[in-house]
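Colleague: Residue strings, one per chain:
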Amino acid sequence: MKETTPIVLPGLASEKSFLSNGPTLSARDDEAQHIRQARVRIIMGIILFAVFSVLLISRLAEISLLRAPKSLLPMVNNQIKTRADIVDRNGALLATSLDTYSLYADPRKVWDAVASTEAITSVLPDLDPATLEERLTSGKAFIWIKRNLTPKERQLVFALGLPELGFQIEPKRVYPRGRLASHVLGFTDIDLNGTAGAERAFDKKLSAKDARALKLSIDMRVQFALEDELGAGMDKFGAKAAAGVVLNIKTGELLAMTSLPDFDPNRSGAALPNNRLNRASYQLYELGSTFKPITMALAHETGVVKDGEKLPVHKKIVIQNKSIIDDHPVYEPLEIYDVLAKSSNRGATIMALRAGGDAQQDLLRRLGLLKRVPMELQESAAPLYAKEWQDITTATVSYGHGISVTPLALATALATLLNGGKYIAPTIEKHKIGQAIQFRRAVSNATSQHVADTMRYVVTNGTGRNAAVSGYELMGKTGTAEKLVDGVYDKKRLVTSFVAAFPHNDPHYLVYVLYDEPKAYEGSWGYATAGWNAAKIAGAVVERIAPVLGVRKVVKTAVLKNGKEGAHQ
Amino acid sequence: MRYGLTTVEKTSRVGWYFAMAVFVGMLVALYAIKAKTLNAKTRVHSLEQTLLHEKQALQLLSAEIAHLESPERLRRLAKEQLGLQPTSISRTLTLSEAANNLARRDEKARAVQKSGGAQ
Chain E
19 MKETTPIVLP GLASEKSFLS NGPTLSARDD EAQHIRQARV RIIMGIILFA VFSVLLISRL
79 AEISLLRAPK SLLPMVNNQI KTRADIVDRN GALLATSLDT YSLYADPRKV WDAVASTEAI
139 TSVLPDLDPA TLEERLTSGK AFIWIKRNLT PKERQLVFAL GLPELGFQIE PKRVYPRGRL
199 ASHVLGFTDI DLNGTAGAER AFDKKLSAKD ARALKLSIDM RVQFALEDEL GAGMDKFGAK
259 AAAGVVLNIK TGELLAMTSL PDFDPNRSGA ALPNNRLNRA SYQLYELGST FKPITMALAH
319 ETGVVKDGEK LPVHKKIVIQ NKSIIDDHPV YEPLEIYDVL AKSSNRGATI MALRAGGDAQ
379 QDLLRRLGLL KRVPMELQES AAPLYAKEWQ DITTATVSYG HGISVTPLAL ATALATLLNG
439 GKYIAPTIEK HKIGQAIQFR RAVSNATSQH VADTMRYVVT NGTGRNAAVS GYELMGKTGT
499 AEKLVDGVYD KKRLVTSFVA AFPHNDPHYL VYVLYDEPKA YEGSWGYATA GWNAAKIAGA
559 VVERIAPVLG VRKVVKTAVL KNGKEGAHQ
Chain G
1008 MRYGLTTVEK TSRVGWYFAM AVFVGMLVAL YAIKAKTLNA KTRVHSLEQT LLHEKQALQL
1068 LSAEIAHLES PERLRRLAKE QLGLQPTSIS RTLTLSEAAN NLARRDEKAR AVQKSGGAQ
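Residue numbers (the working numbering), protein chains in the order written: chain E, 19 to 587; chain G, 1008 to 1126.
Simulated from the structure, these hints should not be mistaken for laboratory data. Take the hints with a grain of salt, since some may be wrong.
Stated by the list, open to error - Taking lysine to aspartate or glutamate and the EDC-like style, the derived pairs with C-alpha atoms no more than 20 Å apart in a straight line are:
#: 1; chain 1: E; residue 1: Lys333; chain 2: E; residue 2: Glu319
#: 2; chain 1: E; residue 1: Lys227; chain 2: G; residue 2: Glu1055
#: 3; chain 1: E; residue 1: Lys190; chain 2: G; residue 2: Glu1061
What the hints assert, rightly or not - Restraint ranges, calculated between C-beta atoms of paired labels, are given here:
#: 4; chain 1: G; residue 1: Thr1094; chain 2: E; residue 2: Asp209; range: 42 to 52 Å
#: 5; chain 1: G; residue 1: Lys1041; chain 2: E; residue 2: Ala56; range: 40 to 50 Å
#: 6; chain 1: G; residue 1: Arg1098; chain 2: E; residue 2: Lys389; range: 39 to 49 Å
#: 7; chain 1: G; residue 1: Leu1089; chain 2: E; residue 2: Pro565; range: 11 to 21 Å
#: 8; chain 1: G; residue 1: Leu1102; chain 2: E; residue 2: Asp253; range: 32 to 42 Å
#: 9; chain 1: E; residue 1: Asp209; chain 2: G; residue 2: Ala1028; range: 36 to 46 Å
#: 10; chain 1: E; residue 1: Gly256; chain 2: G; residue 2: Thr1057; range: 53 to 63 Å
#: 11; chain 1: G; residue 1: His1060; chain 2: E; residue 2: Ala148; range: 30 to 40 Å
#: 12; chain 1: G; residue 1: Ser1053; chain 2: E; residue 2: Ser71; range: 35 to 45 Å
#: 13; chain 1: G; residue 1: Ala1028; chain 2: E; residue 2: Arg59; range: 28 to 38 Å
#: 14; chain 1: E; residue 1: Gly109; chain 2: G; residue 2: Arg1098; range: 23 to 33 Å
As the list claims (entries may be wrong) - Derived list of chain E stretches under chain G, where covered just means 3 residues or more per stretch with a C-beta under 8 Å from a C-beta of chain G:
#: 15; segment: 56-68
#: 16; segment: 192-204
#: 17; segment: 236-249
#: 18; segment: 330-343
#: 19; segment: 558-571
Heads up, the beta-carbon is just placed ideally off N, CA and C, and yes, glycines get one too.
Work out the full structure: start from the sequences and follow the hints.
Modeller: Rendered as structure tokens:
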């Protein structure tokens, strides 16, 4: 039963009024009840509103006062990978990273894949339409369309106005000098990881945060002169390949290193494996007579040849049924200087056999020729030689056969023989001022002087005359080796090389030049031996780089048979 | 019956108003500082972006310069435009060579003079 509310008549204020004993009239008052209910609702509404307002104000306060602002430009990728520049020893830029735009798509936003494909390929014609359409309909959230766009390409794509496309800033490795020093610099992959050359060797250093530019020991001017002369020679001699090294023999710093054919590191992916091969440090060759200065050093170190003694090179030498033959026949005994000047295989054999195989191996080990060259580049090959060192091995190795080493390995060994006898590991990183040079003694100073004198005599009186450069007291040695094809030495396929060092009075620089399968040319009288190609080019390289390197020209030079200067300056 | 507030009540109410005013003032100040900081951050970001762009532009210019002064390009231009080629060592002279040459020339001149005088 519904409860009734008593109605108090006006004048009858309450039951407890002065008329309290009188009759009361009770009646239902719906209106008052409604008013009360409405009041409750209003109060509830006010409470809800207040709570909502408090929440809103708290949230506003939290957002405006307490929360740190988010990135102002969330569309920009702020985490761009960086890589330090590479410069030459004089600070000339060789490799840098530039920011480029890479194009990506969100296939989920593609409205019409065919139309999008048509539009994109109209501005990027190198893309395959079928592949692109397939990828645009893949339903993935992200696909790369093309990376490292040129500014023009980016503008054209931008003008398409397709909502599914977007750009991401990505750094690209750029080599502004093109092919120059490509084998030394190497290259990176698209994600900027070093994959060859210095880029690989110094990958950690280059990709470190806030890394400074890497200073290589390479001198851009010397590198260019070497590449230029070597390339011109390669065209002239019709050679299959060429390699060259310029070494500072006092510090071990490589001033230049090249291998031809070369490649453009800006388009390393398009380069043939043959072009990417660094022949100077990663290709093994039997280098022939350029090994003979080592045999001269061996003879001097072991004292197996007396002063003024003449070696019987005119007589036949047969070892294990194999006859040792001289390319330049000699019909009389030769002194040690003439053995080198006439590049006598028999003379070298006699000296090596007298010293013995053990002493020979020991010297080769000290000169670093029985191990890979310990340098920063990964592209450094270990030598190949007979496991069992027999007399025939001693004989053939004495004139550069039966052992395969890289041109850089031999250049380093010969540098050791010419710098006073100190083995210094080659490096492609520039030495800091005052930096101590690590070395180990390989031969005596007297032996070093002896080798320098004999090599000087080769240029003034022997097979290296074509390399002579007036005023720079060149020392040198030719090397012509037949290539081993299917186990047989092929007389028509030669590897010719020339080692040049200068100046004779204080050897400082070494140039090593090699040609793979050079041919005879007009004016070479049908010869394709080292004296007619590698020696000439080595001389031309010295002529160009000596003034650049600040080597003082000697005015007058007359060399006597004993290798001593008659008069100079 | 009470007609007004006691002194204690008055003081506490004034204190409450004052505290509220301080609180609101602090809120406003905090908001202002926050807004100012945000503006400053925006400016720093903008400056950083400008710096980055300038650095990129500089790097691009360095690369362009390196490309323009690459030896291969300069040699080609020197050869095509000026007909230049690498200097031969025979075309260079040291000071002592020059002095020798001068002495030799003087000697020749003296000899010629002598022979002329004899005739």
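Colleague: So which hints don't hold here, by number, going up?
Modeller: Hints 1, 9, 15 and 18 are the ones this structure does not satisfy, whereas the remaining hints hold.
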